[in-house]
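Order-wise, the sequence lines are chains A and B.
Reading the first sequence from the start, the letters are residues 1 to 700 in UniProt numbering.
Reading the second sequence from the start, the letters are residues 1 to 470 in UniProt numbering.
By construction, these hints were calculated from the structure, which means they are not laboratory data.
A quick note: this is a predicted structure, and the numbers were derived from the prediction, not measured.
Fair warning: there could be bad hints in the mix.
[Stated by the list, open to error] Below, simulated BS3-like cross-link-like pairs (lysine-lysine); rule was C-alpha separation at most 27 Å, straight line: (1) K75/B <-> K640/A; (2) K175/A <-> K192/A; (3) K401/B <-> K616/A; (4) K393/B <-> K83/A.
[Said to hold, decoys possible] Pair by pair, the computed Cβ-Cβ distance ranges are: (5) P335/B <-> K99/A: 33 to 39 Å; (6) A389/B <-> I602/A: 15 to 21 Å; (7) G135/B <-> Q649/A: 55 to 61 Å.
All C-beta atoms, glycine included, are put in the ideal place defined by N, C-alpha and C.
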Amino acid sequence: MCLNNKLSEGDKINLSDLIGTLDKTPSALIKTKKQLKNLQHNQSTLETPLTRKETEKIQREVAFEKTSKEVSRWQSVVLQNQKAEQLVFPLNQEPSGPKRIEHVVAGWKAQTPLEQEIFSLLRMNKQPLHDPVLTPTEEASLRAMSLEEAKIRRAELQKTRVLQSYYEAKAKRGKKIKSKKYHRVQKKVMRKEYLKQFDEMVKTDPAAALEELKKMELSRMKERMSLKHQNSGKWAKSKAIMAKYDDGARKAMQKQLEVNKDLTQKLVIPADEDEEDEEESAETLPDFVNDVEPILDQVNPWMRGKLSTEPMMEESNRLDPPVWPREVGKPGEGQDEQEEDEEQMEETEEESLLRGFEERRKLRQTEDKAEILEISDYDEEAVEISDDDEEAGLSNFTSLFHGLVNHMEPPADQPKAGPGLRQGESPALLEEGLVRVRTLEDVELLSQDISTSDTALLTTQILGTEETDTQSATQQADKKRKKMIDPNEVLTKEAKVIEMPLAPTAVEDVEDKEEQRVIIKEAFAGDDVVSDFLKDKRKQEEAGRPKVIDLTLPGWGEWGGLGLQPSRSKRKRFRVKVAPPPPRQDQKLPNIIIAEKRDSSIAAHQVCQLPFPFEKPIQFERTIRSPVGRTWNTQNAVQKITAPKVVTQLGAIIEPIAREDLIKDNRQAVTGPSINLESDQGPQKKRRSQQKKQHKRKKN
Amino acid sequence: RGMLSDSRVFDAYENRKSKSFIHIHAMKVKVLSRNPDDYVRETKLDIQRVPRNYDPSLHPFEVPREYTRALNATKLERVFAKPFLASLDGHRDGVNCMAKHPKSLSTMLSGSCDGEVVWNLTKRECVRTLQAHEGFVRGMVVRFCGTSFFTVGDDKTIKQWKMETPGYGEEEEPLNTILGKSVFTSIDHHQKEGVFVTCGQQVDIWDEQRSSPIRSFSWGVDSFSCVRFNPVETELLASCASDRSIVLYDMREATPLKKVIMNMRSNTLCWNPMEAYNFTCSNEDYNLYTYDMRYLDRPFTVHMDHVSAVLDVDYSPTGKEFVSASFDKTIRIFPKDSGHSRDVYHTKRMQHVISIKWSSDNKYILSASDEMNIRLWKANAAEKLGLLAPREKAAVNYSQKLKEKFQHHPQICRISRHRHLPKSIYSQTKELRVMKEARRRKERNVRKHSKPGSMPVVTEKEKHVVTVVK
Numbered sequence: 001m002c003l004n005n006k007l008s009e010g011d012k013i014n015l016s017d018l019i020g021t022l023d024k025t026p027s028a029l030i031k032t033k034k035q036l037k038n039l040q041h042n043q044s045t046l047e048t049p050l051t052r053k054e055t056e057k058i059q060r061e062v063a064f065e066k067t068s069k070e071v072s073r074w075q076s077v078v079l080q081n082q083k084a085e086q087l088v089f090p091l092n093q094e095p096s097g098p099k100r101i102e103h104v105v106a107g108w109k110a111q112t113p114l115e116q117e118i119f120s121l122l123r124m125n126k127q128p129l130h131d132p133v134l135t136p137t138e139e140a141s142l143r144a145m146s147l148e149e150a151k152i153r154r155a156e157l158q159k160t161r162v163l164q165s166y167y168e169a170k171a172k173r174g175k176k177i178k179s180k181k182y183h184r185v186q187k188k189v190m191r192k193e194y195l196k197q198f199d200e201m202v203k204t205d206p207a208a209a210l211e212e213l214k215k216m217e218l219s220r221m222k223e224r225m226s227l228k229h230q231n232s233g234k235w236a237k238s239k240a241i242m243a244k245y246d247d248g249a250r251k252a253m254q255k256q257l258e259v260n261k262d263l264t265q266k267l268v269i270p271a272d273e274d275e276e277d278e279e280e281s282a283e284t285l286p287d288f289v290n291d292v293e294p295i296l297d298q299v300n301p302w303m304r305g306k307l308s309t310e311p312m313m314e315e316s317n318r319l320d321p322p323v324w325p326r327e328v329g330k331p332g333e334g335q336d337e338q339e340e341d342e343e344q345m346e347e348t349e350e351e352s353l354l355r356g357f358e359e360r361r362k363l364r365q366t367e368d369k370a371e372i373l374e375i376s377d378y379d380e381e382a383v384e385i386s387d388d389d390e391e392a393g394l395s396n397f398t399s400l401f402h403g404l405v406n407h408m409e410p411p412a413d414q415p416k417a418g419p420g421l422r423q424g425e426s427p428a429l430l431e432e433g434l435v436r437v438r439t440l441e442d443v444e445l446l447s448q449d450i451s452t453s454d455t456a457l458l459t460t461q462i463l464g465t466e467e468t469d470t471q472s473a474t475q476q477a478d479k480k481r482k483k484m485i486d487p488n489e490v491l492t493k494e495a496k497v498i499e500m501p502l503a504p505t506a507v508e509d510v511e512d513k514e515e516q517r518v519i520i521k522e523a524f525a526g527d528d529v530v531s532d533f534l535k536d537k538r539k540q541e542e543a544g545r546p547k548v549i550d551l552t553l554p555g556w557g558e559w560g561g562l563g564l565q566p567s568r569s570k571r572k573r574f575r576v577k578v579a580p581p582p583p584r585q586d587q588k589l590p591n592i593i594i595a596e597k598r599d600s601s602i603a604a605h606q607v608c609q610l611p612f613p614f615e616k617p618i619q620f621e622r623t624i625r626s627p628v629g630r631t632w633n634t635q636n637a638v639q640k641i642t643a644p645k646v647v648t649q650l651g652a653i654i655e656p657i658a659r660e661d662l663i664k665d666n667r668q669a670v671t672g673p674s675i676n677l678e679s680d681q682g683p684q685k686k687r688r689s690q691q692k693k694q695h696k697r698k699k700n
Numbered sequence: 001r002g003m004l005s006d007s008r009v010f011d012a013y014e015n016r017k018s019k020s021f022i023h024i025h026a027m028k029v030k031v032l033s034r035n036p037d038d039y040v041r042e043t044k045l046d047i048q049r050v051p052r053n054y055d056p057s058l059h060p061f062e063v064p065r066e067y068t069r070a071l072n073a074t075k076l077e078r079v080f081a082k083p084f085l086a087s088l089d090g091h092r093d094g095v096n097c098m099a100k101h102p103k104s105l106s107t108m109l110s111g112s113c114d115g116e117v118v119w120n121l122t123k124r125e126c127v128r129t130l131q132a133h134e135g136f137v138r139g140m141v142v143r144f145c146g147t148s149f150f151t152v153g154d155d156k157t158i159k160q161w162k163m164e165t166p167g168y169g170e171e172e173e174p175l176n177t178i179l180g181k182s183v184f185t186s187i188d189h190h191q192k193e194g195v196f197v198t199c200g201q202q203v204d205i206w207d208e209q210r211s212s213p214i215r216s217f218s219w220g221v222d223s224f225s226c227v228r229f230n231p232v233e234t235e236l237l238a239s240c241a242s243d244r245s246i247v248l249y250d251m252r253e254a255t256p257l258k259k260v261i262m263n264m265r266s267n268t269l270c271w272n273p274m275e276a277y278n279f280t281c282s283n284e285d286y287n288l289y290t291y292d293m294r295y296l297d298r299p300f301t302v303h304m305d306h307v308s309a310v311l312d313v314d315y316s317p318t319g320k321e322f323v324s325a326s327f328d329k330t331i332r333i334f335p336k337d338s339g340h341s342r343d344v345y346h347t348k349r350m351q352h353v354i355s356i357k358w359s360s361d362n363k364y365i366l367s368a369s370d371e372m373n374i375r376l377w378k379a380n381a382a383e384k385l386g387l388l389a390p391r392e393k394a395a396v397n398y399s400q401k402l403k404e405k406f407q408h409h410p411q412i413c414r415i416s417r418h419r420h421l422p423k424s425i426y427s428q429t430k431e432l433r434v435m436k437e438a439r440r441r442k443e444r445n446v447r448k449h450s451k452p453g454s455m456p457v458v459t460e461k462e463k464h465v466v467t468v469v470k
């Protein structure tokens, strides 16, 4: 009433107004009218509603579906808990230990100007202030590499570092060895290795091989520029004087020249196939730029025109003291030695420069006069050593080159083999592998070489040849070694035996059986099964017979030592004869072997049936075989192995798993094992492994 | 050892001296030198450094040695297996029900056939006695907050009591009393809300603030023996009815969800506190059945071993095991997925065990029996109670692992499985075994002599379920 009154006071509402609103929407009116009409026309009755029982049944089914779906969300959590190696109850434990400062002072704000300044600085440098303890860059890096990856990577690095240190230590040891022979042998080995490697490289990585070749070319140029091996040094002069009377000196000089020739021989880089012809020509036509004038005297190197022939060159190559290929890198090479070498080299170079070509020519002219100059052996040696390094390095290349020329095929094949292999393996990995293999092989080869060289030494001593002839002796030794190469020694790796599954043989028909029998008979015609069986039985009998136990200890109550036997009486006294065993069960059964290994007293302790979860005896045996205790495992391992499956805290109430856990678990499952840096505060499932991971991540 | 290390240090010193001496004579002698840091401890309080060589060749016979250790550990376990801790006596009638305190481990409530008592477990003494109902106390439950508890009795009332003892001069009065229409047989409280559920003629859901139920479920049954809230999915309920059925409910729905009818009546049931959809019910047919509530057509494990009706069951708070009380005067502990019990507890004087609870720290079991006593047991019979030193703990873990490793070996298996049983139970077990074997043999023979396919093989699991009613 009151409301009506109020309305009447303002503006009155008439029926016409209501109709007016209807007029504005005529379409709706028409629609309702139509519907009313339809209803009037429709004469069919409505279906009777379902009985209460049926509706309830439907309701129940729907409700059950709903709840079972709801409950099924727990499935993953339940499974996870079942599989968890360790469950720690109560589940929603707060992590013990000190909390991080950010969590303790969450609501704290910078107030003093100093604090504000510090925070502004931090903010400017994008340092973390509160919750994300890491800077954005750090987080990005964390995201880039997972913990597992990082671990693997670190392990790899550690391994390589360790390998390197081993190698360095080894090299240091090697460096300290003063034996010249040892070093010579070593160098030879290295050279061989290098050659092999180069061959590999030619096949696998032609680009790198080309570079090597270029280096060779560079060394050749250097050699051409220098006066080394040109028999112009002091030593060479002295040798030249001696040459007339001493065959060894002559040979040494000859060798020098050969070295020079090797080094200055032109290498043609097989860039294109078109150039192959040229290469051949280069090989056939050695470079004679620096050669001495041709004199046809076989004995005197100075009189010889051709400096070397093919076989001789090879021999010289073999004789050359092997050197570390510089390019490959000699990690442990002490610098001291190198420096010394270089000093000496400089001396020789100075000398040679001083003398120059003229002196050499002069020498050649005055050769016949043969003034005898006394030069100490020591000097000679020094020169040799000084030359050693570089010369060997250079000869290395030349020998390599020859190897290349010998195998003309590989360069041609390069483009085919190259890319495929390169795709497969990264160069870094390859290198690592090589390093390791080399170290192993080194050791073996070294021991071989030492032994052979030792024998060589012995032979030389026996023969009573002079020091100057040692080279030839080693040559002999080399030849011997060549003959004695045994594949088992050379191949350190055992050949892989590939076990092929036997192809399923078709089941033969009954008709074939006869044939088969015949075939089997034929196949086993030579075998005497009966005698084999008898032999077997005898063997078993023998094994079953008790053995006399000898408990004599030499040196007790009498003298002991090498070649001394304890006295007879003592031996007799301490020999324990065991009573004969009961007669075998199969003693009187000629065609039966009854195994008597089974010990009934032990059998009571043995598992006779394969326990349930295992499918094969091997699996079960494996679980038994690995010991658990501290005697066999480290402390940490034992702790890990013996960790109990369920851990409860003393006096703590374990509450039922909460729904929040499910939500959290699901969220984790969705996001995956992301790096969770925030410590878990709310109730959360805590598996030991997870916790550990998180801790580690925190540390990281 | 200290002496030894000292002498070593002295040796080292001597060596150094002799070295210098040697230097003068330009002689070369190789000397063994050790870093004292490797074997000398920093302070007396440190543990002695024991260098170890793990080379397996130095420690032969690992398997036989560990086997012997395992055997010894198993024997020792049996030697120390003394599960009985205490008996709480004071009731003047059989104890009918018990309740755990959700917030305090040391507090426990028990209701007898004539009244009820609150116990303090650490002192093993009765703290408070009150006459709650006339006649039996049928059920009791502590509110989730631990400040009050509810009881139902034969006098058709639900009473709410304060947990605190009334002060001097105050009268022992219930906070709240609800008069029902019929006898209530069981009560349970919601995990988080002020809602509780009772059962009797029907299942009623009550709000604490109201005097009439907010919802009632009945499904053609007129008597329920037990009702339990799901502790995980807190809106779910399950009840055991006298028509041999187990009924599932959802508090939010208007109707029950599903019903499974078994061969015999289930007495009580208990939800697994760690697995939302699993529950175990104790049955009159001597067995317990663990169901997945989504697949009620067959239990996923049948737990056998009792020789009489199983009266009560309670899960361990870890959800890995449960304990059952039986009319055969024993308590048995079952792993949740194993068909047979891992342990059986009994005492000469313990009669039919009516109620059982597993303490919420997973360490103890409480059993209430006919002969007016409540007994406190260890959950693991051979476990040492109290704080363990780290080395003790390590030793326990190690022996546990060894036992697990060699569990299939016949001797160890035999010793660890061996339990002494009262003669009556032993003979009954044997008898049951014979009966079962006979039934099996007969069935086999019938199958052999009937048309192939006409006698389908029914598994043990399927045998006990009659129907599932939707």
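Can you list which hints this structure breaks, lowest number first? 6 and 7
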